[in-house]
Amino acid sequence: MIELHVNGEAHRLDVAPETPLLYVLRDDLKLNGAKFGCGMGQCGACTVLVDGRPVFSCLFPVSSVGARPVRTVESLGTVERPGPLQKAFIDHQAVQCGYCIAGMIMRAQALLETVAHPSEQQIREHMSPNLCRCGTHMRILAAIREVAAQGRLPGAGPQKVSA
Amino acid sequence: MKRSDAPIDQGRRAFLAGSGLMVSFALLGSWRAFAGQENTLGATILAPDLPGDLKIEPVLDAWIKIDARGVTVCSGKVELGTGVRTALWQVAADQLAMPLERFTFVTADTALTPDEGYTAGSHTMADGGTAIYHAAAQVRQMLLDAAAAKLGVPARELALHDGVIVAADGRQLTYEQAAEGVDLHQRAKPVSPDSDPSTFRYIGHAIPRVDIPAKVTGGAAYVQDMRLEGMLHARVVRPPDASAQLESVDTRAVEAMPGVVKVVRDGNYLAVLAEREWQAVQAMRALREAARWRSTRRYPGNDTIHAALKALPQRIYVTTREGNGPVRQSQHAAPDAAPAAPSPATLSVGFGKQYVIHGSIGPSCAVAVYRDGMLTVWTHTQGVFPLRAGLAEWLGLPKDKLRCIHVEGAGCYGHNGADDAAADAALLAFRTPGRPVRVQWMRDQEAAWEPLGPAMLTELEAFADEAGQLQAWRHALWSTPHNERIVNAGRLIPARLLARPVASAPSAPIPQPEGDADRNAVPLYRIPSVRVDMHFVTEMPFRTSAMRSLGGHINVVTIESAMDELAERFGQDPVAYRLRHLDDARAREVIQRAADRFGWNGGQALPDGHGVGFAFSQYKNLMGYCAIALEVKLDKQARSVQIVRAVAAVDCGQIVNPDGLRNQIEGGIVQSSSWTLYEQVLIGEGGVRSVDWSSYPILRFPQAPVAIDVQMIDRPGHAFLGAAEIAQGPTAAALVNAIKRITGHRPLHLPLARQDSPLFA
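In order, the protein sequences belong to chains A and B. For the first sequence, the residue numbers in the numbering used here are 189 to 351. For the second sequence, the residue numbers in the numbering used here are 177 to 937.
Treat the hints as calculated values from the structure; they're not laboratory data. Each hint should be verified, as a subset may be incorrect.
Simulated coverage check for chain B against chain A, where a stretch passes if three residues somewhere in it have a Cβ under 8 Å from a Cβ of chain A [said to hold, decoys possible]: (1) 385-397; (2) 420-429; (3) 579-586; (4) 873-879.
Derived DEER-like restraints, expressed as beta-carbon distance ranges [said to hold, decoys possible]: (5) A:Q309 x B:A432: 52 to 60 Å; (6) A:D279 x B:Q353: 38 to 46 Å; (7) B:F746 x A:D279: 47 to 55 Å; (8) B:S933 x A:R241: 31 to 39 Å; (9) B:D890 x A:A337: 29 to 37 Å.
No residue lacks a Cβ here, since even glycine has one placed at the ideal position from N, Cα and C.
Please model the complete structure; the sequences and the hints are all you need to start from.
Take a look at the structure:
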């Protein structure tokens, strides 16, 4: 059994230890946010936060997570109460097909929790691991910029403490 | 409001239509059709006199149903990530005078919706949107007439308000009440009641897309997110290349792996089904290791593919336009003697393009279940009806025992692995009755097995008089097919791999004026004599099919390069030179708007390494107009090319959702710049070698343009023209033109800016 802390909840799961975190999130916890894109850490569609840092969940063995908290896009808000980045992505309509977007939001979240007012170049370099094929880059950048202008985003807070 | 269904100017339409008898070969776009004929998207025309896709489904209640549950509007088109679901819904809402949230909107399901063929070619608003626009207006009028009879007042005294019909005396009827006794099962009329655009609350407004909130919060939004009770996870093992034969495979060890339910082996077809997804992935890897293949052919490489295209078996399709009249197309088995050139060419230019991939971020996926004799497939295909026909033929099922339901996947940009993955799921579910099966392709499978965007070669000769006025134009191009859609079971890869394979139907190009590899090869410019020779290569070294803009991407690069070179030759500004050869007022307006907004000035002073480029095309010469001006920065040391700013001016007829249109144009510019600057499939003796994002790099954030400005010209009352593919050609051509201005040399091979590009030497 593996104990996993996801979006503020503890889970005990009967999964093979080498299973990539992505499959546990999607199949065992039935979370849709993290997506399978390449399975090789080259596209970022599977990006989630482990202890506040963006990771490629398609490569990250679930057994390596340990007690560190995992956060997915589901932790940031809901349709009724979207979080700041989710709201900015909606306001900017920063989606075409949207398949990459949950990963985009999580990678941006990691930046905005650690850097207040990142520069344009910092944002672009930070987002570089994540691919968008529809060409929605201009809007994704605009949405991130808007939230960045409001100052640093609060982290997960208590989750980190409990870890 | 009177409204034209023709996506081209009335005068020109009449002119082209009147010339129909002179056409020597099928020369029919979506705007003109005969009963019984198939349109370019695979649907059969039943009523040529009706607007839009009412031509292929003329009965009103196929589109709009009203019963006790309320109002339901159905579309055979699908959401591919371009926002059309919302846009179509907007059209229905205004024409029915109902708020969006007050009625149900259903898309592409073979059991529920009209058969509109494929969602492709920027046709969705032009054909599907037009059908809903008219069907809804006609149903609205029928409801008003019925309410008038029920209330005993003239229809003109009734008002429509939020789905309720209100009489002057305050009495009300809901649509459901008004519809009682009304038979919507009747043929639509060619002419619809007028609508007043000033009353539109949705059409022309930037309505937020209905699908976005779920997509940014982790809601179930894609076929990949489906989890059915008892669902098995399947993975396929594909041959190392299309020619490879399975010599041997010992499946026993794989069958003994944890969770494995079964291994399917049939000819060259291999798959594994497991209880859990990660178990299926591990079993797939083991199965791949266990399989022994023998390849039976060698493939051309990136250096030899263009020579190979010239040498392979081909048919020639010749399109001519004389005296700026109608285009005519004819087919030849072999090259005929080209008519004598009027004089030595003023300019010769040609381009080579490599194979490209659609490269959906989410590899193809499908879910299927075979239960009680009924096979149901959930798929992100572009065409549920053609897919159903192909699967029915393959599996020997009657069509009514097969249901294909569209569920979104990642953006596809054309014919990717969607249909093949659906065939995988259908086959595996058919052979595992009672349990749903989810098939998810891996990245390398998508990259190696999706139909590629064709490698192409163009050669152009332009002839101008001494004043620079164009007189003649000879454009030749070589390409494999751009339209290998599912017209038979053999177009599905799994059907070719079984021990009893099904052969693919013979290839046929989409005829002019829409065109195939020769899409947009006929310039819109005024030229007395135009001839385009399409060398349609029928033996494909690599399977190719539709990818956004088809041959339009490289043809517009070729045409617009020639226009720039000619302008330079005659000492003229490139924008002025284009305008000098254009009569179409809408074409002239987008060019002027882009130039004005950009501050176009041929002699403008720019920083070192910067250059500007301009390009224009009207998509297929009959859909959306797009002109692009951009400034590019070439940094040799950093080995980078970046768009500093781009201005696009577009005219897509009546705009349904301005923000949706802007999103599509921005996306088109970014996507096309990625194709044009970086993308090529690596090919070699063993076949496709680039099977990940490292060997097939695409644009990443640091390379994205600094700024894009989209200028939209709205045409209320005019036909919807479509948007998703119109920026691909002009963006590429403007990039090539800008690089010529920076370096003094015109790059003639795409992609332009890979790390080993001579551009950085």
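Verification of the hints:
1. 385-397: holds (count 12)
2. 420-429: Per the Cβ count (0), the hint is violated.
3. 579-586: holds (count 3)
4. 873-879: holds (count 5)
5. A:Q309 x B:A432: 52 to 60 Å: Given range 52 to 60 Å: holds, Cβ gap about 53 Å.
6. A:D279 x B:Q353: 38 to 46 Å: About 39 Å separates the Cβ atoms of D279 of chain A and Q353 of chain B, which means 38 to 46 Å holds.
7. B:F746 x A:D279: 47 to 55 Å: 49 Å, holds
8. B:S933 x A:R241: 31 to 39 Å: Given a distance of about 35 Å, which is inside 31 to 39 Å, the answer is holds.
9. B:D890 x A:A337: 29 to 37 Å: 31 Å, holds
The structure fails to meet hint 2 from the earlier list, while all remaining hints are met.
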